Every structure is written in structure tokens, then in C-alpha cells.
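full-length UniProt numbering puts the first residue of the sequence shown at 1, with every later residue one more than the last.
Calculated directly from the structure, the hints in this document are not laboratory data. One thing to keep in mind: the hints can contain errors.
Unchecked claim - Pair by pair, the computed Cβ-Cβ distance ranges are:
#1 D90 with R58: 20 to 26 Å
#2 R66 with R27: 27 to 33 Å
#3 T130 with R58: 22 to 28 Å
#4 R30 with G70: 30 to 36 Å
#5 K67 with G32: 32 to 38 Å
#6 G14 with R45: 15 to 21 Å
#7 P107 with R66: 17 to 23 Å
#8 G14 with G70: 32 to 38 Å
Please read all numbers here as calculations on a predicted model, not as lab measurements. Where a beta carbon is used, it is the ideal one built from N, C-alpha and C, also for glycine.
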Amino acid sequence: MLAPGLAGPAKAAGLIARIDLSDQRMRVYRDGRQIHDWPVSTARRGYRTPVGTFRPGRMHRRYFSRKYHGSPMPHSVFFLGGYAIHGTNDIRNLGRPASHGCVRLHPDNARRLFGLIRDGGKQNARIVITR
1 MLAPGLAGPA KAAGLIARID LSDQRMRVYR DGRQIHDWPV STARRGYRTP VGTFRPGRMH
61 RRYFSRKYHG SPMPHSVFFL GGYAIHGTND IRNLGRPASH GCVRLHPDNA RRLFGLIRDG
121 GKQNARIVIT R
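With these hints in hand, go ahead and build the complete structure from the sequences.
In C-alpha cells form, the structure reads like this:
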């Protein structure tokens, strides 16, 4: 029995976006069940995509990079400083490293992920990036 005021075991995140750098895929899980498996592009040679577990931060339907010449970053979900998951028009490079460190998705998939995080609440989502 728990003492008054103490919470029970932490509930697992309802939505997990798991990015595997080794195979350039994002697998999305809701309540422990895989619901999507998409190709991504992460950091190309000379850049890095951070590894770890992150909470979604700022979210923007329309965002333009301040660092990379105003490049469009539709349906951005920031997770660490300037690093984000976002849509890309460079869909021919999905499935291989091609970014400056962000996680690029097909625009339709970025929109879907954005909606899942928004609708379920950022507090109930995690972004997990592994090598």
C-alpha cells in the first residue's frame, strides 16, 4: 500500500516513436502495439542525430529553419534544442542518412505523427532514438 501523496508506478507512455538509426526506420507504438513503420532520414556523415529518450517539446504545423536557409520543416515536433522530427520534400532520400541531424519523414507521415502526439498529449508521448 502506498503512503498518502505518493504516486504508484509510472505509467508507460501511450505513444512511442522509436527511431532506429541503423535501419533508418521509425516505428510508432500506441499502448504497446505497433501502428506504423516508416522510412526516415537522419544525420548524414559529418552531422549527428542525438540518441536517447526524449519528450516532445515545441510543435509547429509550419516551421522554417533559422539555421538552414529557411528550409521548410512541416509538422515539426522538436525534442532537443533545434532537433526535430519533421516532414521533408526530399522523399527520394528517405531510408538513408541525409539530414543535418533532424529526423525527416514523408510529409504525410509527419502530419500523422504530429496529430497522434497532439491528440494524445505531449506528456503521454516519447521519442526513442537508438543506434
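Query - Unsatisfied constraints (hint numbers, rising) - result: 6
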